[in-house]
Amino acid sequence: MHRAYLLILLILSQEALATKALSVTYSSSIEPIAINVMHEWVLTIQSIDGNPITHADIVVEGGMPEHNHGLPTVPKVTKNLGNGRYLLQGIRFHMSGFWEMKITVKIEGDEHVVMFPLEL
Amino acid sequence: MINSRFWLVLLPALLFIWFFFKNLGHPPVWSDEELKQIKSLSIIDLKPPPPDPTNLVSDNPQAARLGRELFFDKKLSNTGTIACASCHMPTQHFRDLLPKGFAIGEAQRRTPSIVGGAYSPWHYWDGRKDSQWSQALAPLERPLEHGGNRTYYARYVIENYKDQYDMLFGFAPDLSDSDRFPIHAAPVDDPEWNSAWQNMTVQDRNIINRVFANIGKSIAAYERLLLPGATRFDNYVEAQLTGDENVDFSYDEVEGLRLFIGRAQCIDCHNGPLLTNNEFHNTGIANAEGEIPDKGRVQGVRELLSDPFNCFSEFSDSPNNCSELSFVRAGSELIGAMKTPSLRTLKPPFMHKGQLATLNDVIHHYNEAPSAMIGHNEAKPLNLSRHELQQLKKFLLTLDSSMPIEPRWLITP
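First to last, the protein sequences are chains H and Y.
Per the UniProt record's numbering, the very first residue in the first sequence carries number 1; after that it's consecutive.
Per the UniProt record's numbering, the very first residue in the second sequence carries number 1; after that it's consecutive.
The reader is advised that the hints may include incorrect statements.
Covered stretches of chain H, as calculated for chain Y (at least 3 residues, CB under 8 angstroms) [to be verified]:
no., stretch
1, 33-40
2, 62-71
3, 76-90
For the record, the hints were derived by calculation from the structure and aren't laboratory data.
Backbone N, C-alpha and C fix where the C-beta goes; we use that ideal spot for every residue, glycine too.
Use the sequences and the hints to build the structure in full.
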């Protein structure tokens, strides 16, 4: 009986994740974000009910849609800081204007994509 | 009779009033946002160069003195006729006026200026070097530039600059045993020199590589001092910020600046006080006549990552602190992309192989934004009028400067 409940819960939680029920926020080591400065972000990832997501695989891409080019660097998560926090290093923007940062969070095979618009 | 004299006086007067009010109609008033952008381009915002942890002597004045001597020393070449200063000419803002550099023979690309190089994480048009010291080594061994080899240079510098070398880097190694250290040896195309290098032990090669790297580090300590000076544009910005109205900057120059930060979109890449983002862009520049298109940064990154003198290498003084190289971007997006050059003190010809002969050619190229031969042109047509293009050009000519460095650093020791 208990096992059945657990299974249902598991299915429900998978569905919740699959419907992008994730909260992703970032804080930058430089504020306001300036161009041509290498810096880092701390990403905080939580489920919609506020529980930290502690073992996510994160891929970050970014670019300027208007110019059809990406970031000048390849930012990477270099450290899991625990409690749903991840250190993202190697961020540098080289032009002012409209940027999009695409954060892909993989949790147990599910992919969640969060876009951050940035006006620099 | 009275009528014609009347018009003779009135017409010029009317013309004068029309010109006066036409220009008054466009006073050089800047919004706060525009002023912020303009200030960001000014030398007022230029901080001292960032430290180079990969070169422990980068800010050492004795290293700069040795570096200056090496920079002007023609013996640092296979022919005894070529110094760094032969192409990076102090009188020409540390470049030459040729489409492609010419030393022992013609180089593959145009000589870039090294002024302000201390601010850039990348060197060369394709950024295949990640420090000034590592960059300084490459031309010494290129057959059509200095054309020599590292073992010869190591012995020459230790013999001729021994005291300075010892003081900076500790006692120089003894290279007198020519069985261990041949006169000519290096991992280069020349089969004899290459074979001699391959016959040396790994330890002996490292001894030579260490001296060779120290030659580069001394030259870099000198090059770090080469910084751009204030221009008429910088004086104009200062006047705008202090409210000084007595400033030499014409109406067309002001409007050219307005285009630069606005519709001409130059500021997208030519940003910051050096008017460059030090990054790589494909702007649809045609290949040089008779040549296949230059792959640019996509090839530069490959060479950078395998460079034995890059930030990760054992010759770097901080191989665990390579924030640029650790996150460097590679890939097809960078096909045909070249490094944005600074616009301070423009000298023709322009682009990486001198493909555009004049400043007029350059601004017309960006106005049209033709398709790239390889990769894709990031720029889009600007649709500026002929008059606006001339205003833009007039603004660009206000970026001419002398250097703030003491004159003694600019002459042959």
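Hints, one by one, checked against the model:
no.: 1; hint: 33-40; in the structure: holds (count 3)
no.: 2; hint: 62-71; in the structure: holds (count 5)
no.: 3; hint: 76-90; in the structure: holds (count 3)
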